[in-house]
Amino acid sequence: MAALPIRTLHVVAMAALVGGTTVLWQSYRSGAVTSLAPARQFEWLFWGGVGVLVFTGVGNLGTLGPPGPGTDWGRTLLVKLTVVVALFAGSVVRTLLLVQASDREDTFDDLHPAIQRTLSRAYGATAVVLLGIVVLAEVLAHG
Amino acid sequence: MVEHQREREDLGEGATETETARDGKQISTRPVSLVTWTLATFDTTLFVLLGVLAAHTSGELAGLLAGLNTLVGVAAFCYLWALFVLAVRWVNSRVALGDTPFRTLVLHGVAAGCATGVVFLLGLFAVALVPTIQRGGVRLQTVLVVLLIGGAVAAVVGGVVGLVASLLDTAVYRLAGYLLPEAGTKRVTEPRRQ
Chain C
1 MAALPIRTLH
11 VVAMAALVGG
21 TTVLWQSYRS
31 GAVTSLAPAR
41 QFEWLFWGGV
51 GVLVFTGVGN
61 LGTLGPPGPG
71 TDWGRTLLVK
81 LTVVVALFAG
91 SVVRTLLLVQ
101 ASDREDTFDD
111 LHPAIQRTLS
121 RAYGATAVVL
131 LGIVVLAEVL
141 AHG
Chain P
1 MVEHQRERED
11 LGEGATETET
21 ARDGKQISTR
31 PVSLVTWTLA
41 TFDTTLFVLL
51 GVLAAHTSGE
61 LAGLLAGLNT
71 LVGVAAFCYL
81 WALFVLAVRW
91 VNSRVALGDT
101 PFRTLVLHGV
111 AAGCATGVVF
121 LLGLFAVALV
131 PTIQRGGVRL
141 QTVLVVLLIG
151 GAVAAVVGGV
161 VGLVASLLDT
171 AVYRLAGYLL
181 PEAGTKRVTE
191 PRRQ
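Residue numbers (the UniProt record's numbering), protein chains in the order written: chain C, 1 to 143; chain P, 1 to 194.
Bound conformation, chain C alone (with noise of 0.2 Å):
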């Protein structure tokens, strides 16, 4: 009963991170954006849909009834999972850079040029691994 809006959740959480990221990546990039009020309101809705993510997964995990990892299938998700550790490892400094950046800056506008292509490669890599992950998700879903 609860699986498909639990699904649709998870799905509509990762697109929301992958369309964020990619925009910021773009926006970082192409100097359209020079400020760090956007990354910084960005950054509490991808907090947001880790945490989505994470117990939606979970939720979608104990539908399956995933088999154990010797099976090709366990061993990609066992990938799949080491994965989205160290993206939100990854995250996790790429958000706090970001708030000591907005610190250090003392103001939210006149962006440093270093501290732009810092970002700029810091969602880009972001966007990068969440899209590995809707791969190996893919994978999981249909072999």
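Hints may contain errors.
Pairs of lysine to any residue, SDA-like flavour, derived with a Cα cap of 25 Å [stated by the list, open to error]:
(1) C:Lys80 / P:Phe77
(2) C:Lys80 / P:Leu50
(3) C:Lys80 / P:Ala76
No lab work stands behind these hints: they were computed from the structure.
Since chain C is already given, all that's left is putting chain P on it; use the hints.
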């Protein structure tokens, strides 16, 4: 550390609805800072994911999840998440991650972890046992003994989780500061594209 200072001030004076930002504009304040929200969510999700990874590698995951109702699982996760937010908020309101002695940080982390563990257990007990007690299915003395033992175990487990979380949070905070590029005087001066 500006964000931490702001949170400490908010907690000390009572949270206000608005405050004057550094650029002079009025912005809305939230009950938690971005640092608190980020670290609490990171700690919660890592805690759950490492549990799932351990269960999966041992081949017990399917059995564990089969006995768990989806909505109960969601409610338990959200409850744990909220407790982590409160715990990290409490720690951040008392100590700053960047410039506080390591020992002080760890002690606060362990204290917050112990309290979180006990409160999490009490919440589960309240949901699971209160209806049974009301129906007279379990003796009150038995419940008290189980609560005492369970509370002690939960405090120890919570303390260990708090210790690891405080070490991890401090490490990522300092790593972020290390990776932050040095900003010179040159700034982006071109007009923003609309």
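Query raised in the report: What hint numbers does the structure not satisfy?
Result: none
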